[in-house]
Amino acid sequence: MNRRSPLVWAVAWVGISFLALPLVALVARVPWARLAEILASSAARSALWVSLQVSVTALVVSVVLGTPLAWVFARRDFRGRSLLRTLALLPMVLPPVVAGVALLLAFGRRGILGQHLEALAGVIIPFTRTAAVLAAGFVAMPFFVSSAEAGFASLARGYEEAAATLGVGRWRRFRRVVLPMVAPNLAAGAAMAWARALGEFGATITFAGNVPGVTQTMPLAVYLQLEQDPEAAFVLAVVLLAISVMVLAGARAFGRSR
Amino acid sequence: MSLSVDVAVRRPGFDLEATFEVASGQVVAVAGPNGAGKTTLLRAITGLERVERGRVVVGDITVFDSSAGIDLETERRGVGMVFQGYWLFPHMTVAENVAFAARGPAGRWIEGLGLGDLADRYPSELSGGEAQRAALARALAAAPRALLLDEPLAALDVETRRQVRSELARHLAAVDVPVVLVTHDPLDAALLADWMLILENGRVTHSGTLTEVTRRPRTPWAARLAGVNLYRGEGIGKGIVIEGVMLAVPEPVDGPALAAIAPSAVALHEERPAGSPRNVWRGEVVGIEPAGSRLRVSVRGDLDIVAEVTTEAAETLRLRESAEVWVAVKASEIETYPA
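Just so you know, the sequences run in chain order B and E. Note that this note's numbering numbers the first sequence so that position 123 is 123, with each residue one more than the last. Whatever position you read off the second sequence (first residue = 1), add 1000 for this note's numbering.
Okay, chain B solo, but in the shape it has when bound (with noise of 0.2 Å):
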């Protein structure tokens, strides 16, 4: 069975090109001479700094509050478990555009928890910054939480029980013993939502907007200079395809050297 199938092997260059094609059209189109130019224009600056801000903070909450969910995930068991797994894993595959809408509906001015925030304590989050975090967060955090769950699922208890009959408690324990255990998964976890959040638009453009120096990321800004300037906007994108690159070879190294 070790035959060439040229049918096969046709589709598969057909298959490949369909992914390749477009972005070598992109690397492509880069105007290599306009470069610096365009990266040190202060449109491009600051979309920069507002996605390197807004995608850094995202990618903390999720650590933050996506460890102690994973953990809960993969070591307890309850009722509504598996329901509430589903819950926290659907902003993967949900649409962004929904995403946005819900997130105006649970924090925007009208919506179930933003009226209260605005009417008890005058804060309002739609179209800040906070929005954008918020976006990128939902939409970040079922990849962190996935990938934490598998980790710490896949680690054997012997270990902790191992250490609890030596006398070290649970916080320790888990310092000590878990975390370096699951470190590889943490980071793969935390390297996809982080690209993850550096992506994301279509939440961020429906519950945040495209406000300048606030909310307006990365593909924001490539989106809008598509129209403006698209040699700006083929800058902006190889810079994403570039650190897209980046996060994928470091995850892949990442996994070899386990």
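Since the hints were made in silico from the structure, they are not lab data. Keep in mind that a hint or two might mislead.
Residues of chain B clear of chain E, computed beta-carbon distances all greater than 12 Å [stated by the list, open to error]:
| id | residue |
| --- | --- |
| 1 | S46 |
| 2 | G122 |
| 3 | A153 |
| 4 | L166 |
| 5 | V168 |
| 6 | M192 |
| 7 | N210 |
| 8 | V214 |
| 9 | A249 |
Restraint ranges, calculated between C-beta atoms of paired labels, are given here [claimed, not checked]:
| id | chain 1 | residue 1 | chain 2 | residue 2 | range |
| --- | --- | --- | --- | --- | --- |
| 10 | B | G158 | E | G1114 | 22 to 28 Å |
| 11 | E | R1011 | B | L84 | 23 to 29 Å |
| 12 | B | A121 | E | A1008 | 51 to 57 Å |
| 13 | E | G1069 | B | V101 | 34 to 40 Å |
| 14 | E | H1091 | B | A106 | 36 to 42 Å |
| 15 | E | D1015 | B | V60 | 46 to 52 Å |
| 16 | E | R1011 | B | R79 | 17 to 23 Å |
Facing chain B, from chain E, some residues (calculated, C-beta under 8 Å) [what the hints assert, rightly or not]:
| id | residue |
| --- | --- |
| 17 | G1080 |
| 18 | G1085 |
| 19 | A1139 |
Glycine included, each C-beta is placed from N, C-alpha and C at the ideal position.
On the provided structure of chain B, position chain E as indicated by the hints.
Here is chain E on its own, set in the frame of chain B:
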């Protein structure tokens, strides 16, 4: 310091009840068939297994008492355990594993268990015997007030086993806290422990010194462990009736009784032996297997029995499968005791 255990564990389709005491420096071996609840018993003492009812006292601290509502967390019980799979932390070296657990300087334990040369190795770079020693060092470094070992030698191959067993015996002799070790190997029990507990189907079926347990086994499993023939019968004075066969015994026995016969006390003959032995019956050889320098011969007859004979005797008797033989057991060789 001592360890006092009285626990009842209930799980769907399985329950365990055991009560025993271990003095400081004493080593108790818990033996029993697979699924008897040996590991569950150890886990119940450490608090890793939920105990329904009972009381566990370690030294002068009650770590579990269902009637008083006491249930200390595993890490606060002071009960060390060496697991069958060791569970050495793979991201720490041997020295780090020991130091992680150590109360006080770890060097003493690393040197004490001869791990000096292995201190900087990771668990994946250790042989089975070395890993076992590292796990023991780590458990001892935590200064437990009782030590449990779950099948400490089961993961080792036969050669390593012999060497590690004597090492372990040396180390355990130096431990001055109560020690409970689970094993299914009578040799482990004989060389490592001074008291034995047979656990079958979630119940302690026998406990005593190794000699007591092996000379007078109470269950078929214990008899296999001890390598003796065990019969259950009815004592009628100078004899015992087993499956309709009357055996003469040395001591008068009445009522339900057990009779243990060592295979080496069973003689096989080609012809019906004349003279002294009063317990004689005819049988058919159904199996022959080597046991050390001798042969264990299974004979089916009025009473099924296993005899142990020298190879010379086997040749003289021309023993082979389905050969007819006469079985003779001297009354004085039969150990009888109340069932």
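Here's how the hints hold up against the structure:
no.: 1; hint: S46; in the structure: holds, 43 Å
no.: 2; hint: G122; in the structure: holds, 45 Å
no.: 3; hint: A153; in the structure: holds, 17 Å
no.: 4; hint: L166; in the structure: violated, 4 Å
no.: 5; hint: V168; in the structure: violated, 6 Å
no.: 6; hint: M192; in the structure: holds, 23 Å
no.: 7; hint: N210; in the structure: holds, 46 Å
no.: 8; hint: V214; in the structure: holds, 43 Å
no.: 9; hint: A249; in the structure: holds, 24 Å
no.: 10; hint: B/G158 to E/G1114: 22 to 28 Å; in the structure: holds, 25 Å
no.: 11; hint: E/R1011 to B/L84: 23 to 29 Å; in the structure: holds, 27 Å
no.: 12; hint: B/A121 to E/A1008: 51 to 57 Å; in the structure: holds, 55 Å
no.: 13; hint: E/G1069 to B/V101: 34 to 40 Å; in the structure: violated, 52 Å
no.: 14; hint: E/H1091 to B/A106: 36 to 42 Å; in the structure: holds, 41 Å
no.: 15; hint: E/D1015 to B/V60: 46 to 52 Å; in the structure: holds, 49 Å
no.: 16; hint: E/R1011 to B/R79: 17 to 23 Å; in the structure: holds, 20 Å
no.: 17; hint: G1080; in the structure: holds, 6 Å
no.: 18; hint: G1085; in the structure: holds, 6 Å
no.: 19; hint: A1139; in the structure: holds, 7 Å
Hint compliance for this structure: hints 4, 5 and 13 are not met, and every other hint is.
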